[in-house]
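Undergrad: The lines below spell out each chain.
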Amino acid sequence: MGKFSIDTAIQRVLDKGDKAFVPYIMAGDGGLDQLESQIRLLANAGATIIELGIPFSDPVADGPTIQAAGQRALTSGVTLKKVLDELKRFKESRDIPIVLMTYINPVFTYGPKRFAEDCEASGVDGVIVPDVPLEESDLVSNALKEHEIAFIRLATLTSTPDRLAKIAEQTEGFLYAVTINGITGVQNRFGDQLGNHLTNIKQQTDKPVFAGFGVSSPEHVRELTAYCDGVIVGSKIVDLLHQGNEEEIQTLIQSAKTAHV
Amino acid sequence: MITTEQPNAQGYYGDFGGRFVPETLMPAVLELEEAYQQAKQDPAFQQELDHYLRQYVGRETPLYYAERLSESLGGPKIYLKREDLNHTGAHKINNALGQALLTKRMGKRKVVAETGAGQHGVATATVCALLDLDCVIFMGKEDIERQKLNVFRMELLGATVKSVDQGSGTLKDAVNEALRYWVSNVTDTHYIIGSVVGPHPFPQIVRDFQRVIGDETKEQIVTQEGRLPDAVVACVGGGSNAMGMFAPFVEEEDVQLYGVEAGGSGIETGKHAATLTGGSAGILHGTLTYLLQDQDGQIQEAHSISAGLDYPGIGPEHSYLHASNRVTYSSITDDEALEALQLLSKTEGILPALESSHAIAYTMKLAESLSSDHTVVACLSGRGDKDVEAVKAHLGGGFHG
Numbered sequence: 001m002g003k004f005s006i007d008t009a010i011q012r013v014l015d016k017g018d019k020a021f022v023p024y025i026m027a028g029d030g031g032l033d034q035l036e037s038q039i040r041l042l043a044n045a046g047a048t049i050i051e052l053g054i055p056f057s058d059p060v061a062d063g064p065t066i067q068a069a070g071q072r073a074l075t076s077g078v079t080l081k082k083v084l085d086e087l088k089r090f091k092e093s094r095d096i097p098i099v100l101m102t103y104i105n106p107v108f109t110y111g112p113k114r115f116a117e118d119c120e121a122s123g124v125d126g127v128i129v130p131d132v133p134l135e136e137s138d139l140v141s142n143a144l145k146e147h148e149i150a151f152i153r154l155a156t157l158t159s160t161p162d163r164l165a166k167i168a169e170q171t172e173g174f175l176y177a178v179t180i181n182g183i184t185g186v187q188n189r190f191g192d193q194l195g196n197h198l199t200n201i202k203q204q205t206d207k208p209v210f211a212g213f214g215v216s217s218p219e220h221v222r223e224l225t226a227y228c229d230g231v232i233v234g235s236k237i238v239d240l241l242h243q244g245n246e247e248e249i250q251t252l253i254q255s256a257k258t259a260h261v
Numbered sequence: 001m002i003t004t005e006q007p008n009a010q011g012y013y014g015d016f017g018g019r020f021v022p023e024t025l026m027p028a029v030l031e032l033e034e035a036y037q038q039a040k041q042d043p044a045f046q047q048e049l050d051h052y053l054r055q056y057v058g059r060e061t062p063l064y065y066a067e068r069l070s071e072s073l074g075g076p077k078i079y080l081k082r083e084d085l086n087h088t089g090a091h092k093i094n095n096a097l098g099q100a101l102l103t104k105r106m107g108k109r110k111v112v113a114e115t116g117a118g119q120h121g122v123a124t125a126t127v128c129a130l131l132d133l134d135c136v137i138f139m140g141k142e143d144i145e146r147q148k149l150n151v152f153r154m155e156l157l158g159a160t161v162k163s164v165d166q167g168s169g170t171l172k173d174a175v176n177e178a179l180r181y182w183v184s185n186v187t188d189t190h191y192i193i194g195s196v197v198g199p200h201p202f203p204q205i206v207r208d209f210q211r212v213i214g215d216e217t218k219e220q221i222v223t224q225e226g227r228l229p230d231a232v233v234a235c236v237g238g239g240s241n242a243m244g245m246f247a248p249f250v251e252e253e254d255v256q257l258y259g260v261e262a263g264g265s266g267i268e269t270g271k272h273a274a275t276l277t278g279g280s281a282g283i284l285h286g287t288l289t290y291l292l293q294d295q296d297g298q299i300q301e302a303h304s305i306s307a308g309l310d311y312p313g314i315g316p317e318h319s320y321l322h323a324s325n326r327v328t329y330s331s332i333t334d335d336e337a338l339e340a341l342q343l344l345s346k347t348e349g350i351l352p353a354l355e356s357s358h359a360i361a362y363t364m365k366l367a368e369s370l371s372s373d374h375t376v377v378a379c380l381s382g383r384g385d386k387d388v389e390a391v392k393a394h395l396g397g398g399f400h401g
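Top line first, the protein sequences correspond to chains A and B. Residue numbering for the first sequence follows full-length UniProt numbering, starting at 1 and increasing by one per position. Residue numbering for the second sequence follows full-length UniProt numbering, starting at 1 and increasing by one per position.
By construction, these hints were calculated from the structure, which means they are not laboratory data. Please read these numbers as outputs of a predicted model, since none were measured by experiment. For every residue, glycine included, the Cβ atom is placed at its ideal position computed from N, Cα and C. Careful: at least some of the hints might be erroneous.
According to the in silico footprint, chain A covers these stretches of chain B (three or more CB under 8 Å from chain A) [stated by the list, open to error]: (1) 33-42; (2) 285-296.
In silico DMTMM-like pairs for lysine to aspartate or glutamate, Cα to Cα no more than 25 Å straight-line [stated by the list, open to error]: (3) A/K82 x A/E148; (4) A/K145 x B/E268; (5) A/K81 x B/D335; (6) B/K110 x A/E148; (7) A/K81 x B/E301; (8) B/K40 x A/E148; (9) A/K88 x B/E301; (10) A/K82 x A/D15; (11) B/K365 x B/D296.
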């Protein structure tokens, strides 16, 4: 479990010549009792890893779609503790790695040590915390390390070369390359420099590099995976799941596979 | 001894502070820190700031002995630091001006800001007009309703005001949207945050630009009374007027410092904005500080009659001064603030802002335990013209008899 299962899952995909696809879903959007079937649906559709959002009252890195999903989850009473308990319940019956995406305050309140312990017990393999930059990472990194949970770091278009080098060195599992200066949400097109940016990041590290933020169509997936090892798709998946559009989810996820055969 | 020395290199005041922002913003936060350190050392920057503070803002503001108020309470001599007499009617412009000058220094032409009551928004829109900067202000939908005139003022000054529907549509949600906007426009835009909150170095920068309040007060009281005051009182939402007032007094151990939070309908009702009195430590808007939150770390809505105090967090340095017991923090309810507003209006002919009325109300309480040998300074952070409608609604407009 933990870091190791993320590494293994990514390697398996890359060895086949495919690219990784990481769908993001908001835990408890549609009810926590739906979580198991949502994860199974995405796994069966060909997802490499599941990124599971923990709802937060003030998600400053998220656009309207994920804000609304988080609000729906909070309204139905979802908490970090309940998500971890639910993940623990069907831990044995899933084999796709789970990465939690959570803002720092729910973790701070839960207690970073207890959080890492319970993540391990619930079969959580990695953690992304968008409002913890390099400067504050000690708050959670030691506890996560102790339990072999990958602490996945984000690199952005604004990251300076020295910051990028540190982020590349410290990230575990994969490096999350943010594709836009902005918040999550569906994007029409990416900046002209994005290809260069991703190529530059790839040159900095041997670790897999996944592009995320604004990725919302098979065309985006093909465009971006030309430069990196995989994509993370949030708002579009959240929308499709909310609409119950399983077919389009399938098409989107498969676009990471057919792109490079 | 506790002093308002610089925060440590990581931006912490004791256990509080830090920089909890997305990586996209980190380079901008570091750039700001560097630009500010350079500006502080640059006499030309200080001269320019002083020039505008004197000639444009109207500093220094008086430290006024409120004789009739003092007499009516029968206790200590009460002095009011008249920040309400600043251009735009509150202390907010001290910081907005300083940060707008920093914006130009960093070569940026655009500014984003949040506002609650509209005072910081008006101050920011004002200095952006003065210095020819583009200005976008985020304001909660609820606050836009409560402060329609301030919205129009900002628009007259050339700013774009954006309504925020998310959450409860108040100050917290406006900060969220301002942060999202900043992430999306960070390369050419500076975020002029309005209080001593947010990621380092904002709490330090805002405190330093507001410190002029305390520095002037300290000199003025010594000139007028021949000694330091026994107590200094200021209201605290995010806490910028209080931090600016307290800063030079923190090291004066004989001066009692009192921070007054908004008690709303009463702490026991759960409908309040008293972060230190009724909250716990957590991380919001880039800083580790006391917050109103539930046991799962979800931020709760704040409640106060005053839109400017209606914020579920507080500056990290206040959390530090609370934890170290240097400043005594307590709360005043909506009703007590309304009463103080009326008393000051009638005894002195000064209509205070609802925010500042919290400080006046606490001063009234404090007066009960002090004698005429004592002096108390209260920070009158803003004028109450903006609140007349809200006050009328609460008092039922029963004044005409």
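Undergrad: Now, for every hint given, state plainly whether the structure supports it.
TA: Right, here's what the structure says about each hint:
Interface restraint, the region 33-42 of chain B with chain A: violated (0 residues with C-beta to C-beta distance below 8 Å; minimum three). Coverage of the region 285-296 of chain B by chain A holds [criterion: at least 3 residues with CB-CB distance below 8 Å; count 7]. Distance restraint check for A/K82 and A/E148: the Cα-Cα separation of roughly 22 Å lies within the 25 Å cut-off, and the hinted pair is therefore satisfied. With a C-alpha separation of about 42 Å, the suggested pairing of A/K145 with B/E268 is violated against the 25 Å cut-off.
Taken as a hint, the A/K81 and B/D335 pair is broken in the structure, with Cα atoms around 39 Å apart against an allowance of 25 Å. This hinted pair does not check out: B/K110 and A/E148 have alpha carbons roughly 44 Å apart, beyond 25 Å. In summary, the hint linking A/K81 to B/E301 is supported, as the alpha carbons are separated by about 22 Å, within the 25 Å threshold. Between B/K40 and A/E148 the CA atoms are separated by roughly 45 Å; this puts the pair beyond 25 Å, and the hint is violated.
This hinted pair does not check out: A/K88 and B/E301 have alpha carbons roughly 32 Å apart, beyond 25 Å. Proximity of A/K82 to A/D15 is assessed by CA-CA distance (about 36 Å); at most 25 Å being required, the pair is judged violated. A threshold of 25 Å between alpha carbons decides the hint, and for B/K365 with B/D296 the separation of about 36 Å lies outside it, so the pair is violated.
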